[in-house]
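**Student:** Sequences and hints are given; from them, build the entire structure.
For the protein sequence lines, the chains are A and B, in the order given.
According to our numbering, the first sequence is numbered sequentially starting from 723.
According to our numbering, the second sequence is numbered sequentially starting from 723.
Mixed in with the good hints, there may be bad ones.
Since the list gives no way to pick one copy over another, a pair counts as held whenever it fits inside one copy or between any two copies.
Said to hold, decoys possible - No farther apart than 35 Å at their CA atoms in a straight line, the calculated lysine-lysine pairs in the DSBU-like style are these: (1) Lys908 to Lys925; (2) Lys862 to Lys1013; (3) Lys908 to Lys1013; (4) Lys1013 to Lys925; (5) Lys862 to Lys908; (6) Lys736 to Lys1013; (7) Lys799 to Lys736; (8) Lys908 to Lys799.
Since the hints were derived computationally from the structure, they do not count as laboratory data.
Number of protein chains: 2
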Amino acid sequence: MNQLVGGIEAGGTKFNCAIGTAPGDLRAETRIATTMPAETIRAVIEFFRAQPRVDAIGIGSFGPIDRARGLITTTPKPGWANTDLAGAIQRALVVPVVFDTDVNIAALGEHTWGAARGLDNFIYLTIGTGIGGGGKINGKLLHGLIHPEMGHIRIPHDWNDDPFPGCCPFHGDCLEGLASGPAIEKRWGHHAENLARDHRAWKLQARYLAHALANLICAFSPERIIVGGGLMQQIDLLPMIQTQTRELLNGYIHAPEILERIAEYIVAPELGNRAGVLGAIALAQHIVALKA
Amino acid sequence: MNQLVGGIEAGGTKFNCAIGTAPGDLRAETRIATTMPAETIRAVIEFFRAQPRVDAIGIGSFGPIDRARGLITTTPKPGWANTDLAGAIQRALVVPVVFDTDVNIAALGEHTWGAARGLDNFIYLTIGTGIGGGGKINGKLLHGLIHPEMGHIRIPHDWNDDPFPGCCPFHGDCLEGLASGPAIEKRWGHHAENLARDHRAWKLQARYLAHALANLICAFSPERIIVGGGLMQQIDLLPMIQTQTRELLNGYIHAPEILERIAEYIVAPELGNRAGVLGAIALAQHIVALKA
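**Tutor:** In structure tokens form, the structure reads like this:
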């Protein structure tokens, strides 16, 4: 696992690109604003052309994606629907390209170098502009029919306590509609960064996320859940979620990991906001190893 | 896969036991009422002692279970907590015993001979006295930290429309608390079998189950969901669930399986109420094959 490879975390706001072999050996890094596809992809290609040649490039992309065909498919993001992201990069740089969701590569980064080392069953959830989840189950990344869309599960919504109808254009008050960054901003009239630490927004946010985590625990029985994303910068949120998730499960799942060690069970990513680009590098190294 | 083996579906109401090699070749079958552990297990052992010797026995049990140790653990069922079910049978019959959840063996039965043949990613859900789920993800049965407890996810509950508080002793209005057989009986004052086909109970039931299925689809992205259990005998329920699940997802998951072929995506078990005992036989055959 010491090939020099490239990694791209293709996000809705920016593309994080790097080349390297491991967290301590990133040889070059850049951030490119996500504008329109042609312009963004051109800048990505220019970055890699200016670097030493890599053996493969891993891409983790916002979605929904068609993994086999390397496409971003039905995204509502203007201009990006049906973008052949993997193909464009592969053709321009003439290098093997491997493609997965942004959350699966972040999960892979945490599995390779972070909080999920050695685990065959874990979930990685990101809470930011969108809410998404990936992970490994039975030792492999989650794919299935397409890929999980964990941000779109429905959870209890007490309309008396929180009359905000949710902002998901598809589902209204699904998890993403209630607890993403845009949901917080629309509900309270302020960007999450500008809400005081003791604003009651955070208590509500913790409740929604705890409901989501309790549901994911009942569904998957994971060995650990990693919760990252921009909104988790509010440092009170993780302990509130840990406590409330355990309260919601109410002793039913009789595992010491939940009953006694919840702070080691629901955790922050160890790679922080580099989990994605490092996971893309890990993904690229996997295909180099497979081809060797 | 043609060894003569035994299978036990250990349910809260009855133990279904059989020996055989395949659905068309069950050599003996019996149903034993689930009374107290010593009495029930004695009757199971007597059944197998009266049959030709088998190479292994597979057991799928109500839970929660400790799979590695072969125990039923924290069940509220009187007398059954911490029952060494697998050990008792293994010691009495001196035969290899393999142990899993009732829902995972039903899933395995459907994978071996039924509606999940050839699928690496599917969910099996049972709706009856309890609600439980299992399945295969990435080609293997779901286990993780302990095992899934899909009946205990929370879904939206409109208290104005349905003031019933739910009957789960741990979670109140979780899925099982709202949509299991006992929930229906407590809410409407009649056993589900005695509710007319056009009773509004079924519309509510379909809504809750559709919410659960939509959540499981967003979480797992399965290739198919099989829905069995006693309550699914109400033949209007499956088509109602299919329609409402697709409506809840609202086109977001852009797969023809959901958008165009939902009736082949959310399906009844092909093995009916024999999925469990047949899956236990399949599980036993797996360990015989592994040891060969």
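**Student:** Hint by hint, note whether the structure agrees.
**Tutor:** Taking the hints in turn, this is what the structure says about them:
1. Lys908 to Lys925: Cα proximity of lysine 908 and lysine 925: in one copy and across copies (17 Å, 33 Å).
2. Lys862 to Lys1013: both (18 Å within a copy, 25 Å between copies)
3. Lys908 to Lys1013: neither (48 Å within a copy, 60 Å between copies)
4. Lys1013 to Lys925: Neither: 49 Å inside a copy, 54 Å across copies.
5. Lys862 to Lys908: Cα proximity of lysine 862 and lysine 908: none, with 37 Å in one copy and 42 Å across.
6. Lys736 to Lys1013: Classified as within; 30 Å inside a copy, 53 Å across copies.
7. Lys799 to Lys736: Within. Shortest intra-copy distance 13 Å satisfies the 35 Å Cα cut-off; inter-copy 54 Å does not.
8. Lys908 to Lys799: Answer is within: at 19 Å inside a copy they meet the 35 Å cutoff, but 47 Å across does not.
Hint check: violations occur at hints 3, 4 and 5; the rest are consistent with the structure.
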